[in-house]
Every structure is written in C-alpha cells, then in structure tokens.
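Colleague: Protein sequence lines correspond, in order, to chains X and U. Quick note on numbering: numbering that gives the first Met the number 0 labels position 25 of the first sequence as 24, and the sequence is numbered without any gaps. Quick note on numbering: numbering that gives the first Met the number 0 labels position 273 of the second sequence as 272, and the sequence is numbered without any gaps.
Just so you know, these hints were derived from the structure itself, not from any lab. Ideal placement from N, C-alpha and C gives every residue a C-beta, glycine not left out. Heads up, some of the hints might be wrong.
[Said to hold, decoys possible] Across the chosen pairs, the derived CB separations fall in these ranges:
#1 U:Asp331 with X:Ala380: 36 to 42 Å
#2 X:Asn375 with U:Glu40: 43 to 49 Å
#3 U:Gln121 with X:Gln366: 26 to 32 Å
#4 X:Asp376 with U:Glu289: 27 to 33 Å
#5 U:Leu288 with X:Ala380: 33 to 39 Å
#6 U:Ser8 with X:Thr155: 47 to 53 Å
[What the hints assert, rightly or not] List of simulated lysine-lysine pairs, DSS-like, C-alpha gap at most 30 Å:
#7 X:Lys210 with U:Lys328
#8 U:Lys210 with U:Lys245
#9 U:Lys169 with U:Lys245
#10 U:Lys163 with U:Lys239
#11 U:Lys328 with X:Lys328
#12 X:Lys162 with X:Lys239
#13 U:Lys28 with U:Lys128
#14 U:Lys210 with X:Lys328
#15 X:Lys245 with X:Lys169
2 protein chains.
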Amino acid sequence: MAVNYTPVSQVLSVEGVRLSAVAAGIRYKDREDLLLIEIAEGSSVAGVFTQNRFCAAPVLLCREHLTRHTPRFLVINSGNANAGTGERGLASAREICQSLADLTGLSPEQILPFSTGVIGEQLPVAPFKDSFPSAIANLAQDNWSAAARAIMTTDTLPKAISKKLTLGGKEITLTGIAKGAGMIEPNMATMLAYVATDALIEQELLQSMLKRSADLSFNSITVDGDTSTNDALVLIATGKAGVLVKDGDIELFQQTLNELCHYLAQAIIRDAEGATKFVTLSVESAPDLETARAIAFTVARSPLVKTALFASDPNWGRILAAIGRSPVKRLDISKLSLWLGDTHLIQAGEPVETYTEQAGQLEMDKQEITIRIELNDGDAATAVWTSDLSHDYVTINAEYRS
Amino acid sequence: MAVNYTPVSQVLSVEGVRLSAVAAGIRYKDREDLLLIEIAEGSSVAGVFTQNRFCAAPVLLCREHLTRHTPRFLVINSGNANAGTGERGLASAREICQSLADLTGLSPEQILPFSTGVIGEQLPVAPFKDSFPSAIANLAQDNWSAAARAIMTTDTLPKAISKKLTLGGKEITLTGIAKGAGMIEPNMATMLAYVATDALIEQELLQSMLKRSADLSFNSITVDGDTSTNDALVLIATGKAGVLVKDGDIELFQQTLNELCHYLAQAIIRDAEGATKFVTLSVESAPDLETARAIAFTVARSPLVKTALFASDPNWGRILAAIGRSPVKRLDISKLSLWLGDTHLIQAGEPVETYTEQAGQLEMDKQEITIRIELNDGDAATAVWTSDLSHDYVTINAEYRS
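So here's chain X without its partners, still in its complex pose:
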C-alpha cells in the first residue's frame, strides 16, 4: 500500500558497526523484534530525541547515558514503547542495560535503550535477558536489512538506504534505517532511525550535522500531528575508513547525510498509515522560516485537506481555509498565490479565471501531489511532506494499540 516506495535491494555494511536481530517474543510472535547494534570503540555517536514531555523511559535513560559515555551498544525493541510506565518502566530499562553490560563487560551507561510500540504497558525484561546471548553471538556487519525489519511496528515495508562518497581520496559509506508510520510529526514522532558511517567525525560536529539533517527531513514530515513519546535518531561515526571529516569536506558530507535522512523521512510518509497519496507542501517567499513552517504544517495537518486528498477532490477551498487559520503573525492574502502541481489556482488572493475543475482533477488524480503556496512577502521557504487521511488510517488506529 506504500505510495511509490520499494525497499532498496542493497544495504551496505559500515565497518565498525555490527547488528543482530532476534525474535525475542516481546509482543509479536514469530518475528524479529529485538535489535542489537554494536558500535566499535573509538566511534562518535550523536542523538536527537523526542520533545514530548511524556517521553518514554528509554529516552530518559538515553539522555542520561549519553552525557556520561560514548555508547557501545544500542538495544532496540519493537512492540512495546515502555512509555507511561512510570518508575517501574525506568527500572526495567535500567535492568535491560545492566543485563547486556554484564554479558559484554561494559558499563550499563555505555548502552542506550530504545523502544517503540504500544504505550502504557510494562515492558517485560525476561525476553531481553533470554535473547541477549544468542543476539550477541549473531552480531554481524551485514545485518542491516534484518535490522530494518526488526524495528517495524505498523510499517508495511522496511526502510533502509546506503550512500557512498569519496573524501580525501577514500571511499566512505553511510547507511541508515528507520521506522515509523503513524504518530508522525516534527520533533521526531514515533520514529526510530539509526545512521552509521565509517568516516571519522568529531562528536560536537557530528551532533550539529545530525540536527541540521533532522530539521530538513524527519522534522519536516507529519502524518497526524501526533508526536510520540519515543522518537530517536542516532548517528554513529566509526572512523574505520580512516578519513576525518573536516573543513571543505563538511559540506559534502552534510549534503549526503541530508539526502540519506531525506530518503528515510520520505519513505516513512510513503508508508504512512493508510496513505494513498504522497503530498509535498511547499511554502515559498515567506517573511521568515517560522511563518513558512506554520502555514505548511497547518495545511499538512488539516483533516479536511487530507480527506479531500484521499478523495482526489480538487477542493482548494479547504486549502485556503487552512492557510487562513494558520497561527502566524503576518499573512497578506492579497499577495498570495496557490498552485496545485502545475495548475495555478489563486493569484494575488483571487481565483485564477482560467482555472478549470478538470485541470484541478488531473492534478488530484496523481499519487504524488505538490501544493505550492507563494506568499510573495519575503525570502524564506520550506517544504513539508505528508500523507492523506483515508479509511485505512482510521481502521489501523482504531484496531492497533500504539
């Protein structure tokens, strides 16, 4: 059901990162639901986490551990978010880290836990303890595809991508995986993404590059306006390729990282719960970025716009109504231009005389739709990606516990 999305066939290994996906039986039966990612010593690790105040126990622990050590293991489970679980949930997450630490001779603070799935149920610790020995035994560099499948919840397809670039005459690799299908909204949503590179990047630079890429990708998508308690995006730089990213190379690496995150974020929208359309909201010539994003997200979240998209109905009045209620200080509708694909709907706030319903219908019949809003009131621009609101969205969210 995903919109123009087919998983790539080849996902490249990254030296210094080994993975292992096992069926621990945490919630799902007969599928891999526990992922271990081992990070070589000497790596740098950066992370971006949910801004939700009811953040999950593992997120609390990640933040705590990251301030103390560079992580050596990531433990990720699907099926249970360990969120809304109070002190007991936090104790469970600690116990899981301690258990893996005991088996690997590490400090528990060198381990970062991640969970995704249903909120409000206690996370059982035993499946982790029981599965760790075999998971450790199976760690391998070429397990990225299995890893992408193990972190899925309502996703219908795994999301993974690799990129190569040459820096200082040496080839370096970036590989990333992500999951997320609902509760998707800026500031990370129910989204987990792990990206690794064999380049060597100093920790502070790594963190700032990750934040920059996240804002242009994972923080620019919305399915339903609901941000999650568990979102996390981690970037690992192992340095095993023997190339330090610095000076003039920074922009090139950033660009590649942006493209990778962009691909994964769009894959999340293409596979969004019940999605039948892939929609780009482009706001241009805005007074500032904040205004552009407020308008883009107001339209992207509007249930009336989203149901019209589902119906392939060129009901542009709903787009105008959503623009008009955007929480922005400055909006001069007499300058505004609105386009649906290549079809011009509104010019200087007035309906375009040559517009025909037939032209609008042709645009709306497409699976990929771009709504372009020109404010003609400045130089800022943004793009936001979203899906439509379909019967399947209601079915999935009325029937699935997330």
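Based on the hints, put chain U in the right spot on chain X.
Modeller: Frame of chain X, contents of chain U only:
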C-alpha cells in the same frame, strides 16, 4: 447518528423577529436553503465572526455593515459559502443586499449576508432575487424551526432551543438556532448561530455578553481543528418585552444566554460529522486558562486519541502522548493526574496500580466520555467538547464538498 441528541419539540417565538425559509435552489434541490430574518426597528444586534484570514465575502460585508447601521435583515443561505470567490464574490454579496434593500425600502447596509456550504464556487445571485418576494411575503414569528432546518449543511438534525426567564416581574424569551457539523474549531468554525431575545439590552453590553457566552460554548468545541471561513454568531435583542437588562439582572441574563449557547454548541458536537461519541475534555488546576485550553485542545484534536475513542479502546497512552506534546510553557508531569470518567489512570505522573483494563473498557464503552486532566499546579480550569474520528467522518469529508 447524533449522540444523545433529539431536537426539542417546542421553539418559542421572539416578538420583534420574523423569519422565512424558502427553497431557492442555490445548491440543494427541493429543500429550504434560504433564510430571511427580519429584525424590528429599535433592536440591538451583536455579532462575533470567524478569525480565519481567508474569511468569506459575506463576513467582510457583515463587519462593514455592522459599523454603520443596526441591521434590519439577515439573509442566510446554505449550500455555497461564497468564500475564496474574490472580488466577484464580494460583488455578489453586495448585489444580494442591494436587491433585498430595494424590495424593503432599506439601505443595503441595514442588511447582513451569511453563507455556508462549499468554498470556492461563485454564489449565483439570481436565486436570491427570484426568491426574495415570496420570502418577504412569508415572514412570520413562528418560523424558527423551519429556519433551523434551512441553514443545515452536513448536519443530520436541526439545532434550536428556547429559554424563558423572569426579569423585573416580566417574562422574557431567548431563542437560538445553530448549524455546523464539520470544520468546527474555536473562533467559530463553519458554524452559524442566531439568537434572539425580546429583552432590551444596550448594544455595548450585548456585544460583551455575546463574546462571554461564545468563549464558554462555541469557542470551546472542536471536531477536526479546521476553523471555517464563514462562522458567525449573532445576538438580537428586540426589547419588545419591555424589560431593560441592567445591573443585577445582567448576571442572570448572561447565565441564561450561556446555557442556551452551551446547548447549541454541544448539539453541534453531538451531531458532528461521523460522531459516535460525545467527549468532554476537562483540564483542572492549571497554572492559567491559556495552558488549560492548549492542553484540552491538543488532546481533543489528536487523531490518535479520536480514533481510540471511536474504537472504544482505553488506550490512555495516546492521551498522555497528546498532553506531552501540548504547546505550553509549564507542564510538570510529576504532578499530573488523569481520569477517564470515574476511573483513575495516572496519579502524580505514575500509572495507578489499581487500574485495570476492564475498568478502562467500561468507561470507553460509554457514548459520553469525560477525560479529566488535573495538573495540580494552579487554579485555572476549562472544559472543551469534541467528537471521535470515525470512518463516517472520512466518508463524509471525502464525498462532500465543503
């Protein structure tokens, strides 16, 4: 399909107000879609309008006319919103006012136009002109029920209510009608409501009383977060009962007006598009009203909370996640308490040990559900009403042009 809502059988006339509903064929066939409300000379009239910047042509004209004259006629059509119609739409609305002015010997500025229905289509003027003579001929005091039906769009039932109270030994009457089923959100939404009383109330007081009632009723409901281009709420005080509302009577009248608006606003939610639940979001002991309302509306608008309500799923994790992403400055989750009806879910930010899924299920199986959030961090409180997100909501909005 409305949730615990049956139209009242008796709607009382208000001396000084005559109404007439006719089938003008503006969009719908074989149903009344044009309403005239005639207001006696010497009345006071107050109005509250949409804050949407893409407000409709009739709203622009209402605002303009209200600054110049006390209105003598309201002209209301359903089926076409005359929004997003640019200068031509404004000219049509002016022509409609002029036409009625010519027939009644009034100035066009004594006439207020209102439209509701599909956005982005030009409003035909001819059906108005053709229907005005018979509409004028049929004006009568006892046409409130027909009026309530004539303004319906996706409403399944008309909304009307009367109240009586005694002031200064004399009985006075308040009667109101409303429409609205989708695009419902504070600052008026696609909602039209007309309230009349035979009390005499000075204009400035009337406006402030109307605003106060609106905030507690029509500005405290949401169906889908989409505010409309056309919302209007009008309060007419004819003075025909010969009682001036002043001093000690003001609170009593305000209270009755609040109850009337409250009834109509709740009727809109009970008859909301696809609604199967009537949901009250109560936020208590908040630091301030703004915080309380931001949290209440964030939960009330959450598609994930709304689909869980539709599924009767006690998935309180989604409520926590919505609270946690509310755009508020101050939120101490370690003080927060959460109740579903009489069932206690969260105490001081931690899951209540005695909570059982069965207890939650019993609450969610009800048609009327109260979600109560105690912040234990101040004295402010608010209540907001909403509906669930059902398959019928998607069907209605994918198939109906609004």
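Colleague: Kindly indicate which numbered hints from before are broken by the structure, ordering the numbers from low to high.
Modeller: none
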